[in-house]
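Produce the complete structure using the sequences and hints provided.
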Amino acid sequence: MFKTLFRRQTQERQAQGLYALAVEQARQPDFYARLGVADRIDARFELYTLHVLLLFVRMKGEGERGADLAQKMFDTYVSALDNVLRELGVGDVSVGKKMRKLGEALYGRMSAYEKALRDGDRDGFQASIARNVFESDDPAAGAELTRYALESHERLARQPISAVEKAPDWAMIVA
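Just so you know, this note's numbering puts 67 at position 67 of the sequence shown, and the rest follows in order with no gaps.
I should point out that these hints are in silico values taken from the structure, not numbers from a laboratory. All figures in this text were calculated on a predicted structure; none of them were measured in a lab. Check each hint, because a few of them may be wrong.
As the list claims (entries may be wrong) - The calculated lysine to aspartate or glutamate pairs, modelled on EDC-like cross-linking and capped at a C-alpha distance of 20 Å, are:
1. K101 - E135
2. K60 - D30
3. K115 - E165
4. K60 - E135
Stated by the list, open to error - DEER-style ranges, computed between Cβ atoms:
5. G108 - A38: 13 to 23 Å
6. D39 - A67: 33 to 43 Å
7. A140 - G17: 27 to 37 Å
8. S136 - S162: 31 to 41 Å
9. R122 - R13: 32 to 42 Å
10. A105 - D138: 36 to 46 Å
11. A20 - I41: 31 to 41 Å
12. R118 - Q159: 33 to 43 Å
13. D121 - G61: 14 to 24 Å
14. A33 - A163: 26 to 36 Å
15. D123 - V174: 34 to 44 Å
16. S136 - E114: 13 to 23 Å
Note that the Cβ used here is the ideal one computed from N, Cα and C, for glycine as well.
Okay, structure coming up:
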């Protein structure tokens, strides 16, 4: 019983650490200054989601332990979204509705991005990035962020999992 409890607590701490690494990277000023991502709460949500997904996909590739950790990191993200809504003053009655809407958006993004990454569909991925992050129907709007995300995906895939958990090898943010 204690082994299970301690393993669960350790995984939850690891998941929180991974989530913190995704958020730290998503907050890099160069996304806003160099790539033109709008400095708004919805655009930050998109960058957080993208980075959580990149780590999620990497962790899922590590068997059962990695899949469990990926799920716990995703759960940490959903919990953080709930906390942000409450901190923004959304009333308890409205939180459920807003969380459902955010959850649908989050699931939609993660599904579309993961499928495009898995299938090697750069054009589809870029169109999704343009639409979701830059609110543009022109896929070219997402070109640089797509390049960054695909390069990060490749770098994370080459990095040992123990290193990913401590310091993910993100791509450079260049425009």
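Okay, the hints, checked on the actual structure:
1. K101 - E135: holds (18 Å)
2. K60 - D30: violated (28 Å)
3. K115 - E165: violated (23 Å)
4. K60 - E135: With a Cα-Cα distance of about 29 Å, the restraint between K60 and E135 is violated, given a limit of 20 Å.
5. G108 - A38: 13 to 23 Å: At roughly 20 Å between Cβ atoms, A38 and G108 fall inside 13 to 23 Å, so the hint holds.
6. D39 - A67: 33 to 43 Å: Taking Cβ atoms as reference, D39 and A67 lie about 34 Å apart, which means the hint holds.
7. A140 - G17: 27 to 37 Å: holds (36 Å)
8. S136 - S162: 31 to 41 Å: Hint holds: Cβ distance 38 Å, inside 31 to 41 Å.
9. R122 - R13: 32 to 42 Å: Given about 35 Å between the Cβ atoms, the range holds.
10. A105 - D138: 36 to 46 Å: violated (21 Å)
11. A20 - I41: 31 to 41 Å: violated (19 Å)
12. R118 - Q159: 33 to 43 Å: violated (19 Å)
13. D121 - G61: 14 to 24 Å: Once the Cβ atoms are compared, 18 Å apart, the range 14 to 24 Å for G61 and D121 holds.
14. A33 - A163: 26 to 36 Å: Because 28 Å falls inside the window, the suggested range holds.
15. D123 - V174: 34 to 44 Å: Once the Cβ atoms are compared, 21 Å apart, the range 34 to 44 Å for V174 and D123 is violated.
16. S136 - E114: 13 to 23 Å: Check passed, 22 Å falls within 13 to 23 Å.
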